[in-house]
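Given the coordinates of chain A, work out where chain B should sit on it, guided by the hints.
One line per chain: the protein sequences are A and B, in this order. Just so we're aligned, residue 1 is where the first sequence starts under this note's numbering, counting upward by one. Just so we're aligned, residue 1 is where the second sequence starts under this note's numbering, counting upward by one.
Hints are computed from structural coordinates only; laboratory data are not their basis. In this text the structure is predicted, and so the values were computed from the model without any measurement. Even for Gly, the Cβ is constructed at its ideal location relative to N, Cα and C. Check before you lean on any hint, since a few could be wrong.
[Unchecked claim] Restraint-style ranges between C-beta atoms, simulated for each label pair:
no.	chain 1	residue 1	chain 2	residue 2	range
1	A	Thr93	B	Asp20	34 to 40 Å
2	B	Thr47	A	Glu65	42 to 48 Å
3	B	Arg80	A	Arg106	21 to 27 Å
4	A	Pro72	B	Thr92	36 to 42 Å
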Amino acid sequence: MRIRLLITALAAAALALPLAGCAGRRSGSRSKADGVATGRSAEEIRAGFAAEKQRTPHLPMLSQEAAHAAMPDLFKKGPMPTLCLVGGHQPRTMEAVLAQAKAMRREGDLDPKLLNDVFWAVSSANDCFY
Amino acid sequence: MGHVDFMAAVGGLPNTYVYDLEKPGSLDAKRRLAFPFARKLSREPETITRADVDALRPEFTDKQIVQLIFAICHFNTMNRLALGFGVPLETTNVFAPPAKAAGSAAGKPASPPVPPPSEPKPSPPRAE
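Isolated chain A (complex conformation):
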């Protein structure tokens, strides 16, 4: 009986994985031999974005007002990204993380467009559609 329950639970967990957002999508099967790109189709990317917008955060998000009050120097002209709404529970840490990126870009001379493309390559490697 216990074994049957365990098998049922494992099967349910396996079925739930694809619905679990980024964390459930990571798969070694995405690695291409040339290592340059993962080779996702446009349809796969669009579906990934759509699923990502439906996620429920694992942790409570601050309101936009509370996040702006806690981190007044970030995203002054518009809404905070959802990452900052959770990260804003540790506002000084969140600010420091973004300040690190600022320093990295300021001190280097790599083309910002190239850096954004590398951001894609990293996110793609991590199966992170955020």
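Here is chain B on its own, set in the frame of chain A:
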């Protein structure tokens, strides 16, 4: 990936731009070197060797390689925060200027390429 798509839209790139980043044949020399390095440092950092770094040298200076590694590590941090927090991708482009924020994320006409608003405007892009 969604935020890169947002930034590409703000930068005026075509709404199919990010799709091409998944096609090795469409990448220039810098990206053909930087992407596999970024993938390896992200997924198998313990396997990075001197040869991996040397492979970047035809297109990157030492200082640029340092910046590239800092960038890759920062992008991994952002990915892991997003995955750990489980936050949803925003339904509007959070990097768009306020007037455009209600528009769709991709394919909108562009102002010059810019990083997220929290960051300073970079110096003009240089020829690569």
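Hints breached by this structure
Number 4 only.
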